[in-house]
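*Asks:* Sequence:
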Amino acid sequence: MLDKDNTIEVLGARVHNLKNIDISIPREKLVVITGLSGSGKSSLAFDTIYAEGQRRYVETFSAYARQFLGGLERPDVDKIDGLSPVIAIEQKTTSKSPRSTVGTITEIYDFLRLLYARGADAYSYNTGEKMVSYSDEQIKDLIIQDFNGKRINILAPIIRARKGHYAELFQQITKQGFLKVRVNGEVQDLVSGMKLDRYKTHDIEIVVDRMLIDDTADIQKRLAESIYTAMHHGENVLMILDQDSNEVRYFSRNLMCPSTGISYQNPEPNLFSFNSPKGACPHCNGLGTVHEINIKKIIPNPKLSIKSGGFAPLGEYKSSWIFKQLEVIGEKFGFKITDPIEKIPEEAMTMILHGGKDKFIVNSKDLGVTRDYKIDFEGISHFIKNQYDESASTTIKRWAKDFMDEVNCPICDGSRLKKEAQFFRVNGKNITELCDMDISDLTAWFQDLNTNLSDKQLLIASEVVKEIKDRLNFLMNVGLNYLALSRSSKSLSGGEAQRIRLATQIGSQLVGVLYILDEPSIGLHQRDNEKLIKSLEQLRDIGNSVIVVEHDKDMIETADYVIDIGPKAGKYGGEIISIGTPAETLKSNTITAQYLNGKMKLEIPKKRRKGNGKFLKLTGATGNNLKNVSIEIPLGQMTCVTGVSGSGKSTLINETLYPILNAYYFNGVKKPQPYKKIEGLEHIDKVIDIDQSPIGRTPRSNPATYTEVFTEIRNLFTMTSESMIRGYKAGRFSFNVKGGRCETCEGSGVRTIEMNFLPDVYVECETCQGKRFNRETLEIRYKGKSISDVLNMTVDEAVPFFENIPKIYRKVKTIQDVGLGYITLGQQSTTLSGGEAQRIKLAGELSKKDTGNTFYILDEPTTGLHFEDIRVLMDVINKLVDKGNTILVIEHNMDVIKLADYIIDIGPEGGKGGGQLVAKGTPEEVAQNKKSYTAKFLKKELV
Numbered sequence: 001m002l003d004k005d006n007t008i009e010v011l012g013a014r015v016h017n018l019k020n021i022d023i024s025i026p027r028e029k030l031v032v033i034t035g036l037s038g039s040g041k042s043s044l045a046f047d048t049i050y051a052e053g054q055r056r057y058v059e060t061f062s063a064y065a066r067q068f069l070g071g072l073e074r075p076d077v078d079k080i081d082g083l084s085p086v087i088a089i090e091q092k093t094t095s096k097s098p099r100s101t102v103g104t105i106t107e108i109y110d111f112l113r114l115l116y117a118r119g120a121d122a123y124s125y126n127t128g129e130k131m132v133s134y135s136d137e138q139i140k141d142l143i144i145q146d147f148n149g150k151r152i153n154i155l156a157p158i159i160r161a162r163k164g165h166y167a168e169l170f171q172q173i174t175k176q177g178f179l180k181v182r183v184n185g186e187v188q189d190l191v192s193g194m195k196l197d198r199y200k201t202h203d204i205e206i207v208v209d210r211m212l213i214d215d216t217a218d219i220q221k222r223l224a225e226s227i228y229t230a231m232h233h234g235e236n237v238l239m240i241l242d243q244d245s246n247e248v249r250y251f252s253r254n255l256m257c258p259s260t261g262i263s264y265q266n267p268e269p270n271l272f273s274f275n276s277p278k279g280a281c282p283h284c285n286g287l288g289t290v291h292e293i294n295i296k297k298i299i300p301n302p303k304l305s306i307k308s309g310g311f312a313p314l315g316e317y318k319s320s321w322i323f324k325q326l327e328v329i330g331e332k333f334g335f336k337i338t339d340p341i342e343k344i345p346e347e348a349m350t351m352i353l354h355g356g357k358d359k360f361i362v363n364s365k366d367l368g369v370t371r372d373y374k375i376d377f378e379g380i381s382h383f384i385k386n387q388y389d390e391s392a393s394t395t396i397k398r399w400a401k402d403f404m405d406e407v408n409c410p411i412c413d414g415s416r417l418k419k420e421a422q423f424f425r426v427n428g429k430n431i432t433e434l435c436d437m438d439i440s441d442l443t444a445w446f447q448d449l450n451t452n453l454s455d456k457q458l459l460i461a462s463e464v465v466k467e468i469k470d471r472l473n474f475l476m477n478v479g480l481n482y483l484a485l486s487r488s489s490k491s492l493s494g495g496e497a498q499r500i501r502l503a504t505q506i507g508s509q510l511v512g513v514l515y516i517l518d519e520p521s522i523g524l525h526q527r528d529n530e531k532l533i534k535s536l537e538q539l540r541d542i543g544n545s546v547i548v549v550e551h552d553k554d555m556i557e558t559a560d561y562v563i564d565i566g567p568k569a570g571k572y573g574g575e576i577i578s579i580g581t582p583a584e585t586l587k588s589n590t591i592t593a594q595y596l597n598g599k600m601k602l603e604i605p606k607k608r609r610k611g612n613g614k615f616l617k618l619t620g621a622t623g624n625n626l627k628n629v630s631i632e633i634p635l636g637q638m639t640c641v642t643g644v645s646g647s648g649k650s651t652l653i654n655e656t657l658y659p660i661l662n663a664y665y666f667n668g669v670k671k672p673q674p675y676k677k678i679e680g681l682e683h684i685d686k687v688i689d690i691d692q693s694p695i696g697r698t699p700r701s702n703p704a705t706y707t708e709v710f711t712e713i714r715n716l717f718t719m720t721s722e723s724m725i726r727g728y729k730a731g732r733f734s735f736n737v738k739g740g741r742c743e744t745c746e747g748s749g750v751r752t753i754e755m756n757f758l759p760d761v762y763v764e765c766e767t768c769q770g771k772r773f774n775r776e777t778l779e780i781r782y783k784g785k786s787i788s789d790v791l792n793m794t795v796d797e798a799v800p801f802f803e804n805i806p807k808i809y810r811k812v813k814t815i816q817d818v819g820l821g822y823i824t825l826g827q828q829s830t831t832l833s834g835g836e837a838q839r840i841k842l843a844g845e846l847s848k849k850d851t852g853n854t855f856y857i858l859d860e861p862t863t864g865l866h867f868e869d870i871r872v873l874m875d876v877i878n879k880l881v882d883k884g885n886t887i888l889v890i891e892h893n894m895d896v897i898k899l900a901d902y903i904i905d906i907g908p909e910g911g912k913g914g915g916q917l918v919a920k921g922t923p924e925e926v927a928q929n930k931k932s933y934t935a936k937f938l939k940k941e942l943v
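Numbering of the sequence shown is given in our numbering, commencing with residue 1 and proceeding in unit increments.
What the hints contain is simulated information worked out from the structure, not anything from laboratory work.
Treat the hints with caution; some may be incorrect.
To be verified - Just the calculated beta-carbon pair ranges, DEER-fashion:
id : residue 1 : residue 2 : range
1  : ALA65     : LYS318    : 55 to 63 Å
2  : GLN145    : LYS490    : 55 to 63 Å
3  : ASN853    : ASP402    : 23 to 31 Å
4  : LYS676    : ILE604    : 30 to 38 Å
5  : LYS318    : LYS490    : 36 to 44 Å
6  : LYS676    : SER100    : 31 to 39 Å
7  : SER259    : SER320    : 55 to 63 Å
8  : LEU458    : ILE396    : 49 to 57 Å
It should be emphasised that the depicted structure is a prediction, and the values quoted were computed from it without experimental measurement.
The C-beta atom is built at its ideal place from N, Cα and C for all residues, glycine as well.
With the sequences and hints as input, model every part of the structure.
*Replies:* As structure tokens, this is what we get:
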């Protein structure tokens, strides 16, 4: 029995499909909630326990603060006792901002900035010498020591290498009481009306004082005052001119180059921040990339003439000002707009692309008269660039972007920082070099750091270095050793983003908190699973409660407590069917238990498919960490690409192979990563990429709209007799246009409450009670159901309901076939998991007529799937392959890998240690490979 004082008591939970359940969850334990996809696991963990925790947190604010947050709905539950502060670590919470990186999410970058601001040595970007800085007292002592017995001038530099006549400046200096200035290395008296050549660059210093240095008290006092005055006018820099040798020495309160006198501001953490104007590269504003015009995109085919559309942004000839200007340019340079572009003189092309102004006269031989022409042309590439930089319209920006490439910023070379920030070094490395290392190399660098620091640096940096080391170790422990701190957060997979947030939470060392995680093992190779489980145990051991929604076998077996929700999905789930330790769970008769104890399993096929004998060959892929990889993908088979996290699978398939195929079949513009050649494209006729990106980012998007079945349903409702009498068209049944929708919520069924520092909250619309449509529209019925009732149907209910309407039936049946019978047709896309979104995309593609020659790419389709759901999914995939199609799956799940016809294993490690082809062949052949980590786990499955 559980100790009542140390449990979270949930009584009468009815959120979504939960059937009024009561449950006691032990605190300070690792608890796994498992069950079929859609059985109600997330409804219990996130929509009940986390939602109530968040509501109670908001309740602690003052009434004044709460008025800005709006009311948080209480979840449909009678009572929850024993709830600690709750932190949810979900898959969908990473920032898509280009400014967000692994370093900024984990806060390691903040500590690095502090380390560089306080403990780094500065070097001159002119000479590479170490920069020096002095206090006024030190400067005085150095001058007395180095110039004793010499005559010197104390100078305050005010203008450096700038053009101008400076008449007003000389007047101002005179008014301040100074008598002499040094101009371009020559000391001159200030005279009335003095000015310089305005078109030449000049160096100007004020002569603050001239003196003979000795050790007397009077000289010391006078020198101190002169130093203060020179520093004031020279902005913390002064120069000492030895009158005999004419040599100059610089001194500065700031960091300064002893040879050239350039100085840096004293470093602050924001000098190293690419999100602050003080640190960001001014050219790319701290993004690291800029958009530059690609002439090949402007002139895709130089054999065409201007008239027949050779310049892509202009299109074919129209009677417009721009073409008239091109004709005038043709007059000047002797070409016609009907000539091929490749024949146009280079000088003319420069003017067409980059613009120019000109006036010229042409003598007409036939008429014996002269004509004046005037050219004032902005230039095509200038126009496109200006539109991209300055236009307020997203459409125009997107149009301009089509003719541009995203390239590394030429000024900062992708580092995002100002030039000065790059010349602060710790142990010979600047902050950008550290951020570009992968986590494993960075950890090793920090382990050796203390032996390479000076005593003063050690004193300053020891605490900061300790914090950085701890956080790096947490990232290593969750299997992210292959990432670099500079990696953009929008390029992370759901599982990676979740594990980064997990590492951040472990780093915060909070105690007494309830953590709720949503499938943290996504995208993680079996090898790294143990590290993840240890990290979760570490969270538990310091005094936290950990609830994990998970399907992973290892995670379930190592949990302290397992809750199995079921028995089926959707309205047939929502009950607690088994609860207890893993050992007790194994004895129960649930579907989960049967898969765990081996009574049910995915059977290995008796013989592997041979395919159609044709291959797709990719040679010499070298993107990111790939080391000249060449692969052969057999067509007409299911091929699985495996390897540890970060080994290069996504680079090879999603960033190299897919863009090549997409460009070939559909003229896609995404540039593939570098490769040598591809062969066999003629053997397939289209490519379909089904990834885990959301199918829609607003509550308006849903499975029915995505799969386009809603269009057919609306057409069906317009055919009803009542609808025809009233003259309703299909638009009447759309919640996106005025007419039939509820205008209070504008057809979304919910009102959005913006939470200033929490995620937005959606509250049911009080006018239509979430039905989305107005009363008149809801009066139209088909088989007794209104359009709103149809949207609230589960797919399982919709299949028999629409069985006599083939167009609708085919689409809903496909959604059912991929194991999503439990979702409603109108479920908001924002509430679907990554795995569910991917299967809806799969259903959308499957409901189309396939050619039997299609190449499908699936990226971890088993995300969020229970063992039983994987079996259903594999049946769908096998049907596709049996029709002759080719399926390429990137996967870590052993149940899928063992069913593949062919395996390509990339590795052996992640990051720099990966990027090689380790093994290829049937599962049986790969399992014999000694170098492959996948083989080790695959061997156990094939027994």
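*Asks:* What are the numbers of the hints the structure violates, in ascending order?
*Replies:* Every hint satisfied by this model.
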